[in-house]
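A.B. asks: Chains as they are written, first to last, in the working numbering: chain A, 1 to 96; chain B, 1 to 140.
Fair warning: there could be bad hints in the mix.
Calculated cross-link-like contacts (lysine-lysine; reagent style BS3-like; alpha-carbon spacing at most 25 Å) [said to hold, decoys possible]:
| id | chain 1 | residue 1 | chain 2 | residue 2 |
| --- | --- | --- | --- | --- |
| 1 | A | LYS49 | B | LYS64 |
| 2 | B | LYS124 | A | LYS49 |
| 3 | B | LYS6 | A | LYS49 |
| 4 | B | LYS10 | B | LYS124 |
No lab work stands behind these hints: they were computed from the structure.
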Amino acid sequence: MELAIGIILGCCALGAGICMGIGAIGPGIGEGNAVSKACEAIGRQPESKSAVTSTMIMGCAISETTGIYSLVVAILLIFVAPGLMVNILKEAINLL
Amino acid sequence: MIKPDKTVIKETIYVSLSVIILSIIMQSVFIIISRWNYKVLLGNILTDAIMIANFFFMALSVQKAVSTGDEKEAKKIMKLSQTFRTLFMFILLLIGAALPYFSTIAVVIPVFFPRIAIAFRGLKKDNTEQTEVLTENEPE
Chain A
1 MELAIGIILG CCALGAGICM GIGAIGPGIG EGNAVSKACE AIGRQPESKS
51 AVTSTMIMGC AISETTGIYS LVVAILLIFV APGLMVNILK EAINLL
Chain B
1 MIKPDKTVIK ETIYVSLSVI ILSIIMQSVF IIISRWNYKV LLGNILTDAI
51 MIANFFFMAL SVQKAVSTGD EKEAKKIMKL SQTFRTLFMF ILLLIGAALP
101 YFSTIAVVIP VFFPRIAIAF RGLKKDNTEQ TEVLTENEPE
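Given the sequences, and given the hints that come with them, work out the whole structure.
C.D. replies: Pasting the structure below:
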């Protein structure tokens, strides 16, 4: 029983770490590329700086959403999933 | 500290107002389903503050990156800013979820509010553009 609970807790912690680590890579690269292209665009047309900045801010907020989703999943894996899994395990053992 | 641009302030105000409105709606839903207590309110306030601060710092880093003019430097600034903001958000949300003074559901749900606000803005803009096109195409 203790071993099973330990495995569940370990897997949840490992899952949260992997989720956060991989989930944060994409938005970082995406935002970096988008802003570098925005710099290029402003270099070509300096008068469009305000419009480009406004679009960039909204675009970055959208691209960051995937990172935030992974953050939420990680938090749920740390705080909610272990309790649920342990309860399911206990119920399964009681049924047997 | 870099001085915020007009665009940054405008967008931050828009997102802040939207987040506050959505939070009021969320609180109302909690009251209606009889699940409201002070923990829900505190959790909501904490996450709202985190998300608005995150958006503001992201807008500031975009402004800084765009004003540098150098593509590689802009990329570096954004990547660094994203890493720090995510870390900062993760720590604060962990505190919110771990401490007994905050409701975990009320901490997690408002994380999506800025995205919802931006989606609504996109819809609103599309509708305005469609109306303009229809008005232009109307025969006189």
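A.B. asks: Hint by hint, note whether the structure agrees.
C.D. replies: Consistency of the hints with the structure:
no., hint, verdict
1, LYS49/A x LYS64/B, "12 Å, holds"
2, LYS124/B x LYS49/A, "23 Å, holds"
3, LYS6/B x LYS49/A, "12 Å, holds"
4, LYS10/B x LYS124/B, "17 Å, holds"
The earlier numbered hints are all upheld by this structure, with none contradicted.
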